[in-house]
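There are 2 protein chains.
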Amino acid sequence: MWSQETPTAAVLIIGNEILSGQVQDANLVYIATRLSELGIRLKETRMVEDVEEDMIEAVLALSKRYTHVFTTGGIGPTHDDITAVTMAKAFGRPLCCSLEALARLMARYPNPQAPEALTRMTVMPVGAALIDNTVSAAPGFQLENVFVLAGIPSIAKAMFEACVPRLTKGPARHVREVVGEVIEGAIAQGLEDLDAAFPGIEIGSYPYWYSETNHGVRVIIKGLRLDEVEAVEAKIISLMDAHPGYWAAARREP
Amino acid sequence: MWSQETPTAAVLIIGNEILSGQVQDANLVYIATRLSELGIRLKETRMVEDVEEDMIEAVLALSKRYTHVFTTGGIGPTHDDITAVTMAKAFGRPLCCSLEALARLMARYPNPQAPEALTRMTVMPVGAALIDNTVSAAPGFQLENVFVLAGIPSIAKAMFEACVPRLTKGPARHVREVVGEVIEGAIAQGLEDLDAAFPGIEIGSYPYWYSETNHGVRVIIKGLRLDEVEAVEAKIISLMDAHPGYWAAARREP
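The listed protein sequences correspond, in order, to chains A and B. Residues 2 to 255 (this note's numbering) are what the first sequence spells out, left to right. Residues 2 to 255 (this note's numbering) are what the second sequence spells out, left to right.
No more than 16 Å apart at the CA atoms, straight line, and that leaves these computed lysine to aspartate or glutamate pairs for EDC-like:
hint : chain 1 : residue 1 : chain 2 : residue 2
1    : B       : LYS170    : B       : GLU6
2    : A       : LYS65     : B       : ASP55
3    : B       : LYS65     : A       : ASP55
If you anchor each label on the Cβ, the simulated ranges turn out as follows:
hint : chain 1 : residue 1 : chain 2 : residue 2 : range
4    : B       : GLU213    : A       : GLU117    : 20 to 26 Å
5    : A       : PRO200    : B       : GLU58     : 20 to 26 Å
6    : A       : VAL30     : B       : GLU162    : 24 to 30 Å
7    : B       : GLU58     : A       : GLY93     : 23 to 29 Å
Rather than coming from a laboratory, the hints here were simulated on the basis of the structure. Predicted model, so just to flag it, every value in this text is computed and none were measured. For each residue, glycine too, the CB sits at the ideal point set by N, CA and C.
Turn these sequences into a full structure, and let the hints guide you.
And the structure:
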């Protein structure tokens, strides 16, 4: 399990395109995996439309509750990119043009035909700290404990990595996985007993079901102590060996 | 745009495995796409850990706010499957054993070696309406406006389809997509003008950036009136034709 002092995080994914199914979010798995490696517990993720009031409510709720908040999406130059303006409103800050962001954009795109469009990406809340964008120059920004990242996956990743030195980190947990072709119910009692016997270990049971003859369970074991994690891993392997898919088997017998 | 009377929905994805990055959610895109086809506006998605208080807070907030709520995950037979018990608590209902669910499970798995594990999947809030599971028999359930689905993708899809006749539907929107190898900023003003000229149309601009020489914009156009959607589509094609990637081009010139 995590300790009480573990730093926490939330991700707020902004964009109608995600909620209408047209674009699949590609950032959450990356951010979730990296946070886990950094010893930061991702407690919650929300996805909201590009609607000012919904974004404000969500970011303030998450900012109050968790150590770090990461937003993705809505910081480009078009009419539907309202994240920067909305974050300023959420935190009661006026908007400014970041001269540092402007310098970076002008260095990268020296002869823009429509400079106004370029400068839209320099508008951000007063006091925001820039987040480097090594991919396409236009920076993200940090406001209080909120890190505002782009939605484009390659850029979101680069920006996340640029934030890492600023994050409060905790001890990373050890993780083991055991996959077996058993019916989840067959090992349910055994897992529950292990869960009770090892309070420092988190045991997650994730069944998969591709077909009547191809199904099983993936068990993920996490904890701060490697010896405990490995002890539980060994016990779960024994448990699975003792329970070869009995429900499916029972069904095949008349 | 959607009308005021459009039915709304939220999805609540339950599971530590999603938040730790070990398992990628595979249900949201399916549910989001189907809701869109059914004329139901997916307004929000939340992902929370398997923690009772977090689940209760989220489901009650979403249930009050939207026409329909769909949860995925946590209804299997293991110790970490706490969704059914938590939903009962959230809505102040006692738990029962659904005799109909029990009958379905016994018909499907007639000779279980551990009947107790099997019966765990029959425990649900009093008054819940079953949701058929054509894949593995163990049903989901509906409680008020909350549809409790399994997390396994094949089962979640089957359960969602079983819910469709019970949903309040709206008129579906027409959707068109235009993809162009332009820099988003180049067409930003043009898109903003179109957005203002066609208040009934939602225009979403989603840049992609795979490399310095392979980037562009995907614009998604949605609306209830097909003639308007097609008119905006034609204008955006013209806009893109007039703006072949000028920022990148400018950078290549000395």
